[in-house]
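A.B. asks: Read off the chains here:
2 protein chains.
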Amino acid sequence: MTTVPLDLKLLAKQYKDELFNNVLPFWEAHSRDDLYGGYFTCLDRQGNVFDTDKFVWLQGRQIWLFSSLYNNVEKRAEWLDMALHGADFLSKYGHDKEGNWYFSLNREGKPLIQPYNIFSDCFATMAYGQLYKATGNEEHALIAKNTFENILRKKDNPKGKFNKAIAETRPLKGFSLPMILCNLSLEIEHLLSKELVESTVDACITEVMEVFYDEASGLIRENVTPEGCFSNSFDGRLLNPGHAIESMWFIMDLAELKQNQALIEKAVAITLQTLKHGWDEQYGGIFYFMDIKGAPPQQLEWDQKLWWVHVETLISLLKGYLLTQNEECLIWFKKVHDYTWSHFPDPVYGEWFGYLNRQGEVLLPLKGGKWKGCFHVPRALLQCWKTLEKISEME
Amino acid sequence: MTTVPLDLKLLAKQYKDELFNNVLPFWEAHSRDDLYGGYFTCLDRQGNVFDTDKFVWLQGRQIWLFSSLYNNVEKRAEWLDMALHGADFLSKYGHDKEGNWYFSLNREGKPLIQPYNIFSDCFATMAYGQLYKATGNEEHALIAKNTFENILRKKDNPKGKFNKAIAETRPLKGFSLPMILCNLSLEIEHLLSKELVESTVDACITEVMEVFYDEASGLIRENVTPEGCFSNSFDGRLLNPGHAIESMWFIMDLAELKQNQALIEKAVAITLQTLKHGWDEQYGGIFYFMDIKGAPPQQLEWDQKLWWVHVETLISLLKGYLLTQNEECLIWFKKVHDYTWSHFPDPVYGEWFGYLNRQGEVLLPLKGGKWKGCFHVPRALLQCWKTLEKISEME
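Just so you know, the sequences run in chain order U and V. Be aware that the first sequence starts at 1, since it is given in the working numbering, and climbs by one per residue. Be aware that the second sequence starts at 1, since it is given in the working numbering, and climbs by one per residue.
Since the hints were made in silico from the structure, they are not lab data. It is possible that part of the hints are untrue.
A pair holds if it fits inside one copy or across any two, identical chains being indistinguishable in the list.
No farther apart than 25 Å at their CA atoms in a straight line, the calculated lysine to any residue pairs in the SDA-like style are these [as the list claims (entries may be wrong)]:
(1) Lys390 with Ala12
(2) Lys386 with Val4
(3) Lys276 with Glu327
(4) Lys266 with Glu327
(5) Lys75 with Thr206
(6) Lys164 with Gln298
(7) Lys155 with Tyr116
(8) Lys97 with Thr169
(9) Lys258 with Thr225
(10) Lys164 with Arg107
(11) Lys133 with Gln359
Produce the entire structure from the sequences given, and follow the hints as far as they go.
C.D. replies: Here it is as C-alpha cells:
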C-alpha cells in the first residue's frame, strides 16, 4: 500500500464525474453541426462557435472518442449517434480519390488544405477502427484498413511533395509517426493480421525505446538521423516532453500485452526522467518545447503550459504506478494533478482551458480550436478514472 | 515647435551612439564565418554561435545593411568588406539553377530548405541592389534585376508547388508581398525602368492603402479575398500590427517622393489607429498578432512583444511627425521609445533582445536566430537617428 497520501477512490470519482458532468456535456451541447454535418471545434469560452472550419485531426478524434465511450463504457445510443454524425461527414468529404485525408475542410466539407499531414490519416484510422467495433459496418472497417496501409506506404516520406526539407543535405526522421503507430496498431488490432500487428508493434517499440531514446540524457529526441544519431541542429536538438511522456503510456499498454516487465520499467523511468527535465521549477507545469543542449528553441511558444501535455502525463504516471508500484509515480502524479486541476478546468463556463502562459494564466480562452477538440481531456479523464479504480482495487 | 517634452538632438545622438557603439560592433565581432563564408546569425546572449545554419532572409538582410551603411553613412572599407563577405557566399550557394533562392543552407552552403518562400528572393534583391550601388559590379546588378523579375513572375502563387491551400475553396491573397514590394521598388529603383518602377509602386500603393486597408476599422488585414473583401476565417481575421505599421513608413517614403500629402496623412492615420488597437494597455508594448473580431488567434505567440514590431513603429512615428507635424506621433513616439529602450537593449552583453513575453520579460535570451539577424535594430537606429536630426533641424 502506498504511503503517498491520496484517496484513490475519491480521485477515481473526481475524474469520472468531470468526464460525465462537465466535459462531455459541453461538447454534446456545442460541437454538433446539424446543418452540414461533422463537428465544430472552434468554441470560445462559453461554447459559442467562433470559426466553422473543420480540421480532419479533430473530426477523426471526436468520432473515435464517442465510439470508444460506446464500446468501453456503456452502449448509449446518443454516443453512437454522435460518432456516426461525424463519420458520415468525414467519409463523404474527408479524403481525396487516392484515400489521402485532407488537413482541413470548410464548414460544408470542401477541402481547404491538401493532405500534407499524415496524422490526418492516423486519426481517421483510429476513428473508423473504433467505430467499426461499435457498428460492425464493413465500410468502416475498410476505411480503417485501407488508410492504415496507406500510412505504412507513405511512412518514409509522410509529407510527400509538400516536403520542403532537402534530405540529401540533412536526412532526419521524426518521432511522431513511430509514436502514434504504437497506439494505432493496438487500436486497430482487430482489423489486421496477427503478423502485421506484431511486426509493426515490434518495429515501433525499437524505434521509440532505442532509436529516439538517448541513453546519455535519458530523454527522447524528436528527430534523429536515419542511423539514429544525434543531429546538432534545431530539429535534432528538439525535445517535446509531452510527446515523449504520452508515448510512454502507449508503450506501457503494449508492454502489458506482451508481458514484458523490463519494457514497462524502462517506460516508467523515461516518464519520470522526462518529467523532471521538463518541469518548470519556477512556475510549475511542464514546458512545451526544450532544446537538449539548452540553446534557445525555435518555437516561440516553448514555455507555455498546454492541456494535453499535462493530462497525458497523468495517464502515464497512473499506468506506471499500476504496473510497477513505483512510489515516485504517485508522488509526481499528485504534483501534476494539483497543477492540472487548479489551472485548466474553467470553473465558470465548464470544460477546460487549453493554453496557459508560463505563469499559468489563461493565454487563449478557447475551449476548442484548430488543435484542441473533444479528445485529450475526455480520453485522459476516462483513462485516469479506470486506472485509479484498478489501483484502488489492488491496494 | 512641439509641446511634447523631448530633447530631439539628444535623442538623435542616443540612436546614433547605440548603432555605432553597441549594435554594429556586436555583429562585427560575432557573425562573420571566416571558415565557410557568410554570416552566423544564431548568436546567444553573449554572442556565441549556438547553431550554424544560414537563413537566406538573414544573409541577404545583413549584406543589405552593411552595403547601406557604406552607401549612406560613410565609405568605410570594412563595411563593404563585410557586405562582400556575405555576397560571395550567397551568390555561390543561395539559389537553385532557376534563380530561386533557398530558404536556408547549412554552414558549408548546402541547401537545407527548398525555395518555397518568396521573401528569400525579396531580401536577395534588396541585398544585391544596394551592394551594386557600392561596387558598381554589373554581376550584382544582374542578380538583383533577375531576381526582381522572378518575384514579379511568381507573385500570384508565391509558394508554387509547396502551396498547401486549395485556392478553389477559399481564395485569399496576402499582405506581405505588396507591402515588401513597396519598399523593394524604391530600393532597386536605379536598376529598373522608370515605367516598371511607377507601375509597380502605384499597384502596391493601391493594394496596401485601399485593398488590404479596411475602412470600417481603420486597420490593415493580413489576408483578403481576390476581390479585396473580408474572409471570416482564421487567415481573414488576422491582424499583424507590426506589419501594418512597418508598411506605413514604406508608404510615407513613396508618398514623399510622389509629393502626395494626402497619402502621407492617410499613412499616419493608419499608423496611429493600428498602434491604439495593438497596444497592450495592461503591460505596455504592441501585440504580435490579433483577430479583427476579437476571436482567439491561431498563433500561440500572439501576445509576445517582438523587437522588430517596436523598432519599426518608432520609424513610422518619427517619419509621420517629420512629414505632418502631427503631435500625436510624438506623444506615441515617447511612449513606444520608453517601452523599447527599457525592455529590449541588453545592458550586460550588448545588442538587443528579440523576444519578450507579454509581461515584458525576456522569453528567449538570443541576440539572433532563425528570424532575428543584423537588420531591424540597426536599420531602425539609422532611420531614427537621421529622422530625428531632420526634425530637430526643422524645429
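A.B. asks: Let me make sure I understand: some of the numbered hints might not hold for this structure. Which ones are they, in numerical order?
C.D. replies: 5, 9 and 11
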